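Novice: Sequence:
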Amino acid sequence: MITITFKDGNEKLYESGITVEEIAKDLSSSLKKNSVAGLVNDQLYDLNRPILTDAQLEIITKDHPQAFEVLNHSTAHLMAQAVKRLYPDAKFGVGPAIKDGFYYDIATEHVIREEDLPKIEQEMQRIIKQQESMTRFELTKEEAREKFKDDPYKLELIDELDDNEIISIYTQGEFIDLCRGGHVGNTRHIKHFKLLSIAGAYWRGDSERDMLQRIYGTSWFTKEDLAHHLTVLKERKERDHRKLGKELKIFELNKDAGQGLALWLPNGYTVRKVLEDYVYKLERKAGYYHISTPVLGTKKLYQISGHFDHYQDHMFPLMSRDGEDFVLRPMSCPHHMIVYKSDLRSYRDLPIRYAEIVTMHRYEASGALTGLERVRAMTLTDSHIFAREDQIKEEVLSAYKLILQAISDLGLAIDYVELALRDETKGKFHDNDQLWDLAERLMTELLEEEGIEYTAVKGEAAFYGPKIDIQVRTAMDHVITMSTVQLDFLLPERFDLTYIGKDGEKHRPVVIHRGLISTWERLMSILLEQYKGAFPTWLAPTQIKLIPVNNASHLEYVQRLHERFIDEDFRSDIDYREEKLGYKIREAQTQKVPYQLVVGDQEVTNKTVTYRKYGEKDQVTLPLDAFIDYMHDIIRTKK
RNA sequence: GCCGCAUUAGCUCCAACAGGUAGAGCAAUUCCAUGGUAAGGAAGAGGUUGCUGGUUCGAGUCCAGCAUGCGGCACCA
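Here the first sequence is numbered in the numbering used here, starting from 1 and rising by one per residue.
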């Protein structure tokens with residue numbers, strides 16, 4: 001007999017070899033129904049894996065955070081078995097559970113296509129009906145090598161394990177897989193799944209190695225959950241900035257204009273201009289000074305900075321004139337270093353904060369280009385802060401706070417903050433231990449003192465220094481770096497930047513790179529998806545759409561209103577077309593204009609306006625001046 | 001860059017699918033209708049089916065290459 005201790009501290013005696021499923025059944029029938037796996041002494045156990053010794057047990061039920069993972073991992077195995085039946089030559093890579101489902105990497109002569117997915121699903125259903133037990137076995141490394149001798153990918157994984165490590169495998173019917181486990185015990189527990197897409201994926205994420213075929217899928221405990229997830233996926237597509245950008249005439253991508261070279265249409269540029277002005281003001285208030293430098297620079301400038309050697313793969317090729325080589329700049333740092341050097345600096349001058357609306361060009365791999373999210377020509381307000389060592393902490397903090405402000409004003413939310421530190425890899429990081437230690441200590445202290453939750457990641461620092469990255473999750477569920485504060489000890493050396501200290505001697509300043517809210521391109525893609533194209537009024541390309549009921553009798557008043565609105569700095573437009581009222585209203589709605597004003601006899605006679613706010617049903621009639629005050633208020637408060 | 005898929009009018013489209021030289025809705029144009037909160041009616045027009053070759057009596061349809069896009073992977077100091 002063995003003693004099982006439960007989460008609540010209760011103990012119970014069982015026969016050795018009892019399974020999680022049997023214990024669950026013993027406790028209650030509803031528990032049995034809801035159990036997915038068990039945590040035995042904090043180790044994941046399948047429902048049908050025997051427990052041999054005294055143990056602590058937590059039963060993982062369907063609502064447990066790990067349950068979804070176990071289910072999807074098992075579904076991946078189930079799919080692999082089905083694939084192996086249909087395409088017997090299939091070899092398998094890895095097949096883990098991921099955030100919303102699972103995938104399995106497969107090598108087979110057969111090119112798997114979209115139309116094969118229903119066939120694979122059918123085969124999976126068949127295996128479920130067969131109620132195959134998913135059973136765990138433990139082997140030595142040698143035995144495992146023998147079992148998987150025809151599976152080169154599995155062999156490679158086995159070879160990397162320690163010689164005396166116990167290796168577990170799972171069988172279900174004729175199918176065997178190398179696997180650490182945590183499974184649902186029997187294929188009959190898998191019910192509601194769908195295969196979603198096929199993609200290529202490099203073996204072990206290495207672009208030098210084989211490309212396998214990856215099938216993505218998703219698996220849920222209830223029909224409703226699956227249906228809900230599929231709806232979410234569909235709704236994501238409705239938010240796709242590429243679709244919205246076309247519908248709302250925000251930007252254009254055209255192969256003749258150039259791959260990854262976005263053209264901003266009037267609506268898009270209007271939003272961008274509002275953002276540019278907003279950032280300019282924000283930065284002025286925070287003590288930044290704006291400069292302007294060219295998109296072209298000499299090769300020499302980029303040799304001094306070191307980018308020419310380090311970054312060349314991401315740069316467009318050289319241009320030459322009059323015996324001088326030029327590059328299209330991929331960033332602004334080198335130019336800003338030169339600006340710093342344009343004058344002799346005293347310790348009293350620091351910190352100096354330069355900001356610039358920088359257009360830059362980067363050669364991005366063709367497969368990486370995605371709408372406005374990843375482009376080859378991009379513009380952002382870039383900034384470099386030149387500071388003394390004793391100012392680092394304060395300057396990083398104020399940059400961080402500025403970022404928070406911007407993210408909050410734009411109605412976005414931080415997903416997580418990452419502190420990227422160096423690791424021991426020699427050559428990967430600029431060699432200056434003393435400064436690295438100082439900088440990493442300061443940045444850590446700062447985050448701790450401010451009570452900012454962060455994830456420290458070793459080895460992710462920039463070549464030239466540690467950084468704080470602010471990650472945002474898009475409506476499309478992509479995590480991207482929105483903002484960044486990076487310390488740099490290298491550029492000041494390479495450009496021999498100095499300031500005169502109190503002691504009359506030359507000292508080296510530190511550079512802080514600050515990216516505020518990504519590039520306008522990427523920000524636009526995020527905002528479009530975030531707001532589903534319905535921009536808050538302060539950002540909307542058109543804030544007010546004026547719709548005369550009848551052009552002949554109301555247009556004159558409408559034009560007077562329009563002029564007044566323009567004088568008030570509202571972005572107003574008139575729908576002049578000779579169309580039915582309903583037709584013009586429909587267009588104002590589909591274009592998601594925040595304030596739609598229908599103007600007829602009533603408004604002309606009473607000198608009022610009647611508006612309907614986008615997304616609301618109610619019409620509101622106000623005296624003109626009251627409406628103007630209201631609009632100013634809405635815009636000022638960034639609603 | 002790599003794997004797979006796609007590309008038909010300004011936009012959208014599982015219109016054309018034994019290969020027989022293109023079809024709809026919306027938009028745009030003209031005419032009629034003058035309308036109070038999501039599509040009024042009519043007419044005409046709009047296409048070298050992404051590009052270049054090939055197979056064929058004949059190609060949107062089959063084949064090859066290229067371009068661009070999409071889903072991923074790799075990349076994103």
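Don't read these hints as lab results, they were simulated from the structure.
Be a bit skeptical, because a hint or two may be false.
[Said to hold, decoys possible] For each label pair, taking beta carbons as the anchor points, the in silico distance ranges come out as:
| # | residue 1 | residue 2 | range |
| --- | --- | --- | --- |
| 1 | 458 | 265 | 37 to 47 Å |
| 2 | 273 | 506 | 26 to 36 Å |
| 3 | 581 | 625 | 23 to 33 Å |
| 4 | 613 | 560 | 50 to 60 Å |
| 5 | 42 | 122 | 48 to 58 Å |
[Stated by the list, open to error] The list that follows gives simulated cross-link-like pairs (lysine-lysine, BS3-like), each with its CA atoms no further than 25 Å apart:
| # | residue 1 | residue 2 |
| --- | --- | --- |
| 6 | 223 | 237 |
| 7 | 194 | 62 |
| 8 | 243 | 62 |
| 9 | 223 | 234 |
| 10 | 273 | 62 |
Computed from a prediction, not measured in an experiment: that's the story for all the values here.
Note that beta-carbon positions come from the ideal geometry of N, C-alpha and C, so glycine has one too.
Novice: So which hints don't hold here, by number, going up?
Specialist: 2, 4, 5, 8, 10
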